[in-house]
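Novice: Below, each chain spelled out in residue letters.
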Amino acid sequence: EAGVAQSPRYKIIEKRQSVAFWCNPISGHATLYWYQQILGQGPKLLIQFQNNGVVDDSQLPKDRFSAERLKGVDSTLKIQPAKLEDSAVYLCASSLGWFQSYEQYFGPGTRLTVT
Amino acid sequence: EDQVTQSPEALRLQEGESSSLNCSYTVSGLRGLFWYRQDPGKGPEFLFTLYSAGEEKEKERLKATLTKKESFLHITAPKPEDSATYLCAVLNATIYNQGGKLIFGQGTELSVKP
Chain W
50 EAGVAQSPRY KIIEKRQSVA FWCNPISGHA TLYWYQQILG QGPKLLIQFQ
100 NNGVVDDSQL PKDRFSAERL KGVDSTLKIQ PAKLEDSAVY LCASSLGWFQ
150 SYEQYFGPGT RLTVT
Chain L
255 EDQVTQSPEA LRLQEGESSS LNCSYTVSGL RGLFWYRQDP GKGPEFLFTL
305 YSAGEEKEKE RLKATLTKKE SFLHITAPKP EDSATYLCAV LNATIYNQGG
355 KLIFGQGTEL SVKP
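Residue numbers (the numbering used here), protein chains in the order written: chain W, 50 to 164; chain L, 255 to 368.
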């Protein structure tokens, strides 16, 4: 079974530039999550989708971050404009979804460096 | 506010030296506690889910236990390949029926020397 795919793996941008990350979840997983992991910390949830609807985006900085999950499969997370404090690893995870399994499976992440 | 605290932040062991990692939590209504392993440059890898106090699960040299306030990850006779960061997360009951939000601790970095 293929795991969660993410691209790119690494990205270096200057502050105020924009960047986009892509995620393809495990086939059949209805729930998709984007996390931000700052060095030395645990992952922090940014946004959660159930199929193509947003379930929780309470910790998403909506003035600069946006995310979408078209057709309930792939997802894209965008940052515009980026700030220095956005330097982190952005992790995508998926799970079977509500009332089935809450076990989340993570992709390898995208390491973002903002200079 | 829901909170997860892991200790110690870092742990260095000699190969074969057994020890335990701690995960303390305060959550409005626990619906599950998860342990993950994270290797450098990789995403977290699922290890265990515990649902109720008294529950235990094992996988190779790892054993996870759960009480009403904390969870332990016991490592028996560790090997260098067990070196990684171990993350604990709780599933919040307040939004349980809305999809299951995990709240992570900061992790324990384990190093096992040969």
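These aren't lab readings, by the way, just hints derived from the structure by calculation.
There may be inaccurate statements among the hints.
As the list claims (entries may be wrong) - Beta-carbon label-pair distances, calculated as ranges:
no.	chain 1	residue 1	chain 2	residue 2	range
1	L	Gln-268	W	Asp-123	40 to 50 Å
2	W	Gln-129	L	Lys-367	28 to 38 Å
3	W	Lys-93	L	Thr-330	37 to 47 Å
4	L	Gly-295	W	Ala-69	30 to 40 Å
5	L	Ser-278	W	Leu-133	31 to 41 Å
6	L	Ser-272	W	Pro-130	26 to 36 Å
7	L	Ser-272	W	Asp-112	32 to 42 Å
8	L	Ser-282	W	Arg-58	15 to 25 Å
9	L	Ala-331	W	Asn-100	42 to 52 Å
10	W	Trp-71	L	Glu-299	37 to 47 Å
11	W	Leu-88	L	Glu-314	44 to 54 Å
12	W	Asn-101	L	Ser-274	36 to 46 Å
To be verified - One side only, chain L facing chain W, incomplete, derived with CB under 8 Å:
no.	residue
13	Gly-297
14	Leu-301
15	Lys-333
Remember, predicted model here, so these are calculated numbers, not experimental data.
Ideal Cβ positions, reconstructed from N, Cα and C, are used throughout, including at glycine.
Novice: If a hint holds in the structure, say so; if it doesn't, say that too.
Specialist: Checked hints:
| no. | hint | in the structure |
| --- | --- | --- |
| 1 | Gln-268(L) / Asp-123(W): 40 to 50 Å | 46 Å, holds |
| 2 | Gln-129(W) / Lys-367(L): 28 to 38 Å | 45 Å, violated |
| 3 | Lys-93(W) / Thr-330(L): 37 to 47 Å | 32 Å, violated |
| 4 | Gly-295(L) / Ala-69(W): 30 to 40 Å | 21 Å, violated |
| 5 | Ser-278(L) / Leu-133(W): 31 to 41 Å | 32 Å, holds |
| 6 | Ser-272(L) / Pro-130(W): 26 to 36 Å | 50 Å, violated |
| 7 | Ser-272(L) / Asp-112(W): 32 to 42 Å | 49 Å, violated |
| 8 | Ser-282(L) / Arg-58(W): 15 to 25 Å | 37 Å, violated |
| 9 | Ala-331(L) / Asn-100(W): 42 to 52 Å | 45 Å, holds |
| 10 | Trp-71(W) / Glu-299(L): 37 to 47 Å | 21 Å, violated |
| 11 | Leu-88(W) / Glu-314(L): 44 to 54 Å | 28 Å, violated |
| 12 | Asn-101(W) / Ser-274(L): 36 to 46 Å | 42 Å, holds |
| 13 | Gly-297 | 3 Å, holds |
| 14 | Leu-301 | 10 Å, violated |
| 15 | Lys-333 | 23 Å, violated |
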